[in-house]
Amino acid sequence: MSGISIDSYLLSTYTENKAREAKSTLGKDDFLKLLITQLQYQDPLNPMEDKEFIAQMANFSTLEQITNMNKSLEAFLKSDALIKYSQLIGKSVEYSKEGEQKQSIVKSVRMNGDTVIIALANGDEVESSSITKVSEAGENDSSDQEG
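Here the sequence shown is numbered in my numbering, starting from 1 and rising by one per residue.
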């Protein structure tokens, strides 16, 4: 036995309906609905064997655990980015804004969705990807001392 068997008609009908809803992946709720539908429409003269049902429930459990772990990892990575960039507070940064190189002191860091936004002493707010140089506040290159 191959372990897991799902009625191909039910699977194709189910995936066609889900495709119409513009979902790109099946989640744990979708998997459970599919399993319940399969149980409802199984052949009473040839029901699903215990081993098959247990294997599908194990797959469901694994899917749920992976989904939860993925959510936890995403939350961790977001908080990790914020913590990483918070080390810039009080530092002098050079950044590119509207094609011009500028310099200021970092006052605060915040998240806007998945993007880290750096608030600067001169009133500018820039994305972290705009920063080109970080140095100690008050540290000036010879080029910065001109003018």
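The hints are simulated quantities; they were obtained by calculation from the structure and are not laboratory data.
Among the hints, a few may not be true.
Straight-line C-alpha distance at most 20 Å; calculated EDC-like pairs for lysine to aspartate or glutamate [said to hold, decoys possible]:
{"hint": "1", "residue 1": "Lys71", "residue 2": "Asp29"}
{"hint": "2", "residue 1": "Lys107", "residue 2": "Glu125"}
{"hint": "3", "residue 1": "Lys71", "residue 2": "Asp114"}
Pairwise CB distance ranges (calculated) [claimed, not checked]:
{"hint": "4", "residue 1": "Ala137", "residue 2": "Ser96", "range": "14 to 24 Å"}
{"hint": "5", "residue 1": "Asp29", "residue 2": "Ser79", "range": "21 to 31 Å"}
{"hint": "6", "residue 1": "Ser61", "residue 2": "Tyr41", "range": "34 to 44 Å"}
{"hint": "7", "residue 1": "Ser79", "residue 2": "Ile36", "range": "31 to 41 Å"}
{"hint": "8", "residue 1": "Ser61", "residue 2": "Gly90", "range": "41 to 51 Å"}
{"hint": "9", "residue 1": "Glu49", "residue 2": "Ile117", "range": "50 to 60 Å"}
Given the structure is predicted, the values throughout are model-derived calculations rather than measurements.
Note that beta-carbon positions come from the ideal geometry of N, C-alpha and C, so glycine has one too.
Checked hints:
no. : hint                          : result
1   : Lys71 with Asp29              : 15 Å, holds
2   : Lys107 with Glu125            : 10 Å, holds
3   : Lys71 with Asp114             : 14 Å, holds
4   : Ala137 with Ser96: 14 to 24 Å : 20 Å, holds
5   : Asp29 with Ser79: 21 to 31 Å  : 27 Å, holds
6   : Ser61 with Tyr41: 34 to 44 Å  : 23 Å, violated
7   : Ser79 with Ile36: 31 to 41 Å  : 36 Å, holds
8   : Ser61 with Gly90: 41 to 51 Å  : 48 Å, holds
9   : Glu49 with Ile117: 50 to 60 Å : 56 Å, holds
Hint 6 from the list above is the single one not met by this structure.
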